[in-house]
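Novice: Listed here are the chains, written in short residue letters.
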Amino acid sequence: MYTAITSDPITAETVLRRVGDDGDGAVCVFLGVVRDHNEGRSVRGVAYSAYREMAERVLAEIAAEAAERAGSDRVAVVHRTGELAVGEASVAIAVSSPHRAEAFDACRYVIEEIKKRLPVWKQERYVDGDEAWLDGAVPEVAHD
Amino acid sequence: MRVRLLLFARYRELAGTDEVELELPSRATAADAVDALRALSRDCARIPSQPVIAVNQRYAPPDTPLAPGDELALLPPVAGG
Chain A
1 MYTAITSDPI TAETVLRRVG DDGDGAVCVF LGVVRDHNEG RSVRGVAYSA
51 YREMAERVLA EIAAEAAERA GSDRVAVVHR TGELAVGEAS VAIAVSSPHR
101 AEAFDACRYV IEEIKKRLPV WKQERYVDGD EAWLDGAVPE VAHD
Chain B
1 MRVRLLLFAR YRELAGTDEV ELELPSRATA ADAVDALRAL SRDCARIPSQ
51 PVIAVNQRYA PPDTPLAPGD ELALLPPVAG G
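Protein chains in written order, with my numbering: chain A, 1 to 144; chain B, 1 to 81.
Everything labelled a hint here was simulated from the structure, so no lab data went into it.
Just so you know, not all the hints are guaranteed correct.
Among the chain A residues that face chain B by a calculated CB cut under 10 Å, a handful are [said to hold, decoys possible]:
#1 S7
#2 D21
#3 A26
#4 V27
#5 A55
#6 R57
#7 Y109
#8 K115
#9 K116
#10 A137
#11 V138
#12 V141
The structure presented is a predicted model; accordingly, all values stated were derived computationally and were not measured.
Glycine residues also receive a C-beta, built at the ideal position from the N, C-alpha and C atoms.
Based on the provided sequences and hints, a complete structural model is requested.
Specialist: Below, the structure is given as structure tokens:
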């Protein structure tokens, strides 16, 4: 497994080179990419910020859960921070496993859990010069 | 006891600071720390009264008891991915 929060640009290759095995017949990759519009507004970029230490911990937990689901330890996830332009990847996920169903499932699991509980925030920069924090998800907090 | 409280994203902007040190009574809870923060200034009072809280980098309910040196964080709704 490999997980990281990084301010460096990320590509599919960033995670692809960390998965794969001679016994794996499937490799699934997901990229989250900054798009040029949101809710009717023209977007020129997105600034991502993180509670870095906690985000590293939560991302490792999510990857471990995905590995458990997939029955494969070949799970790699990298989330970007900093100023991203349209077209740049904010998150890259790769999972490899012997068969495709597990790889697809684990890849989907990782991105959905990131959306629910990774302590990361994004502020959209608009073409008109305005900016706004995006509404997010309220993480579930387990009560002991 | 003294604890550190970290603020992120929108809450950081509202409060005008990214970190405060709080002096709390012994037996204080995470919710008490939020109350203490909101009492610091008019800007800090703009933070919601029941935000999502992390204690030592784990999501924690408001009644979580605190210990000296704990690192608390108030987390706006998350928007990764």
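Novice: Does each hint hold? Answer for all of them.
Specialist: Hint check:
no., hint, result
1, S7, "violated, 15 Å"
2, D21, "violated, 26 Å"
3, A26, "violated, 22 Å"
4, V27, "violated, 20 Å"
5, A55, "holds, 8 Å"
6, R57, "holds, 6 Å"
7, Y109, "violated, 13 Å"
8, K115, "holds, 5 Å"
9, K116, "holds, 8 Å"
10, A137, "holds, 6 Å"
11, V138, "holds, 5 Å"
12, V141, "holds, 5 Å"
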